[in-house]
Amino acid sequence: MRFMPHTGNDVAAMLETIGAKHLDDLIAHVPASLRARATINLDRGRSEADVVREISALAARNTGASGFLSFLGAGYYRHYVPAAVRAVIARAEFATGYTPYQAEASQGTTQAIFEFQTLITQLTAMEVANASMYDGASAVAEAVLMARRLMPRRSVVALSRALWPEYRATIRTYLSALDGLDIVEVPFDDATGATDLPALDRIANDRLLCMVTGYPNALGIIEPLGAIAEMTHRAGALAISATAEGIALGLLRAPGELGVDIAVGEGQSLGLPLQFGGPGVGFMAARLTHLRQMPGRLVGQTRDRDGRRAFCLTLNTREQHIRRERATSNICTNHSLCALAATVYLSLMGRLGLRELAERNVELAHQAVAVLEAAGIRRRFSGPFFNEFALKLANPSAALEAAERKQILAGVALGPDYPELSDALLVSVTEMNLGGEFSRLAAAIAEVR
Amino acid sequence: MASAGRIGPVAVPETPSTPNRIEPVAGVPLIFELSSEGRRATDLSPRAAGERRGAEIIGVELCRDDLPGFPELSEPQVLRHFLRLSQLNFAQALQFYPLGSCTMKYNPVVNDELAALAGLAGLHPATPAHLAQGALEMIARMEAALAEITGMDAVSLHPAAGAQGELTGLLMVRAYHRKRGEVRHKVIIPDTSHGTNPASCTLAGFEVIVAKSNRRGYLEAAEVRRLVSDDVAAMMVTNPNTLGIFEPEIQDIAAALHDRGAMLYLDGANMNALFGVAKPGHMGADIVQLNLHKSFSTPHGGGGPGAGPVAVKKHLEPFLPLPRLKHSGAGYEFDAERPDSIGRMRSFHNNFGMIVRAYAYILALGGDGLGMASRLAILGANYLRKRLQPHFPSATGEPSMHECVLSHDLEKRAGVSTLEIAKRLLDFGIHPPTIYFPLVVPGALMIEPTETESKEILDSFVDAMERIYDEALNDPERVKSAPQTLPVSRVDEAGAARRPILRWEKKA
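Chains A and B supply the protein sequences, listed in that same order. Just so it is clear: in the first sequence, position 435 is 434 by numbering that gives the first Met the number 0, and no numbers are missing. Just so it is clear: in the second sequence, position 115 is 114 by numbering that gives the first Met the number 0, and no numbers are missing.
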């Protein structure tokens, strides 16, 4: 077996040292009734070439991965990933180490995490960010749990209905075992697609624990996050923002500037492949005063014995391996390598490039809308949008089918998650979409409008 | 770093010729400190003439002014920065990395290539099911393979990591009891457990009861019988436990729990000992979570991403998280209509990139290879235990499985701590074992060699440990001042916590 270096002689010598005759002597103490039935009935092992053949055949059956024009988004976005990102994360020095418990032997990983934390604070205009969470949905769920620790006496968790359905569902699961919490949904305005401020105002009282808003939201709309945060604060509650499209933060006013207390999101847009939805990477940023209630790993800057700058995991008395049942979270392994990809990606995009890319996404998405409108297809909502928008269509699923026949994945129907939006198709446009694609999309959809 | 590529002990100079002045590549500047205003590492294709800028289109009032402090470098500078950082790391591919309970086995490089295939890496999670049949079939095959390996009935690949798998499992336990009209508040956890177990219990709304392992290092069914009640929802057991011992009474423990309507949750963190040796399903487990980044060879990534599938017996299948894969006449698709499910734990289906790698690993080893992997992992741990016995005796007299937990008398004899031994190992180009865990063994060294390390490597580890033992007695300062050959000397972790600096800030 090619991954195991033991020769027959090695095994014999090792057994002799131990004082055993056969490998199975070493497991003779395992109850016989278990051993007798333990054989794994799977095919025999295969050569590397055979494994490649087998997996490649499965990959080839994913016809939707290539050959289509794609406007799929809805929380995961197609962006160009520079080759340098893959070149770095493919390094075994990064990929095959574990959590940097031994600081002296992991200055590369700890410094990269410190840089990630810094980049996330810059992107969100917050004061502190952790080393990463699993993904956007679990990060927002952890943010709500963090808010609860900060405000243990409050009970109402408000979620914008225009927060991603998967994020709302994950929050519900994470909170399902905790007593005394009410989850309420704040509707969105049917005309603008933004969170309905008067509706939020009605529940903004001293029971409100936090308000969670998508930024941009699940309908593609750039929420009036400042006004939402202000209203939330007036009730003495915490404002949480969740961003699924990280590129947007290169252009839009930062959550921290707008008064948000905990800014979380999904970092897949920042250098990770689509990979059928995972692994992505969650990010979480907050105010320094809330640091002690933050979940997840943190890297801090310090010195070595000779006074040189060094980095290490820190404040781990918040964490499960020290605090056990009183920890801020159970998270242990996070998505470190994905956070590294985001760090490299953001470093490559840089101060100028990230903003330009974000602007280009806006320009192309608005170009697409102009082309669609010229073909008589209207947006479902009037609010400002970044690179994703909902179209108003009589029959979105028929439009999707018609487009698919023309080798176009036109978007994601909103009806399954929002029964009230059975007339809406969510379309995402990024720098991966070339201008010429929009008329093909318009023509395909217009056919069945 | 001079030591980056070496394996096994290297000659450490008797007296370092330039004490405290070793700066091979130490002090890699932060990426922000390398910036120069106006420099860039990316170019966009040109904008069409006359096109309005994005900020004008949506309105500047919605836009930020700038990204102050953001990096400004060229592409080669960025690449060099991160490659230099990479050289400051120890890693499994470079070094012996016997970090106990983490299963730092070889990560087959072909698996990374396979995950990057366009048909897998380029697949959007919202792709219609009929255009993603290959991926869905791989998920189905992986579920079936894990069910066979664990002896369980149904598998969900949804959880993102072992700890999320634990939470998933515990929420299912809760949902199961509720469905039967019972509310149970407590979960039993052994004193040897991983910290994630009690933390997951709290998140799942359970109170923790601690079960004591006996003096031989394992759990007795009698202790479980003493603690279990109608208010106990489940017990979480890691098997082999964190002392590396197979729990000999596991079947009786399961019976003791089941007699009172409680579930056995088996933490599969140590599954690498069990392939073809014993199946959790036969032990009486109702739930097992697996860590694909441990037993199934997916890269640890410096702290993830991993994946934490859960496998369950039939009675818990309705409670598995959403979405569930189902097969109809037309092929595979995801099913979200499952009223008893605990719901969703994350944004999309699963950590698919890790599933691909783990599936490739299972194909490569096959049922026979997996069985051999566990046997050789067990061989390695017992070999190290035996060879280290004179100075680093085992914390238990019971036979070891895939890892061994050792102790030592150096603290007493020479005032040298386990931490200092660990730091000294770094000078030998060896990543230290897990230390001070499990908590029941003072100064523990928890060593998991895995099946992918050769006898020569294990021998060189023994040599290093023996040498350190000797140094501790004869030249304790040598050990206490370690590491001496790394890019940094001992890092002041207490200082980091006292005065947290958690980000770089632009000097005003």
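Do not take every clue at face value.
Stated by the list, open to error - Subject to a maximum C-alpha distance of 30 Å in a straight line, what follows is the list of computed BS3-like cross-link-like pairs (lysine-lysine): (1) B/Lys385 with A/Lys20; (2) A/Lys20 with B/Lys411; (3) B/Lys312 with B/Lys185; (4) A/Lys405 with B/Lys325; (5) B/Lys479 with B/Lys505.
By construction, these hints were calculated from the structure, which means they are not laboratory data.
Cross-check of the supplied hints:
Simply put, lysine 385 of chain B and lysine 20 of chain A have alpha-carbon atoms about 15 Å apart, close enough for the 30 Å limit, and the pair holds. Straight-line distance between C-alpha atoms of lysine 20 of chain A and lysine 411 of chain B comes to about 37 Å, which puts the hinted pair past the 30 Å bound. Restraint check for lysine 312 of chain B and lysine 185 of chain B: the C-alpha separation of about 21 Å stays at or below 30 Å, so the hint holds. About 28 Å separates the Cα atoms of lysine 405 of chain A and lysine 325 of chain B, which keeps this hinted pair within 30 Å; it holds.
Proposed proximity of lysine 479 of chain B and lysine 505 of chain B is contradicted: the alpha carbons are some 37 Å apart, above 30 Å.
Hints 2, 5 from the earlier list are contradicted by this structure; the remaining hints agree with it.
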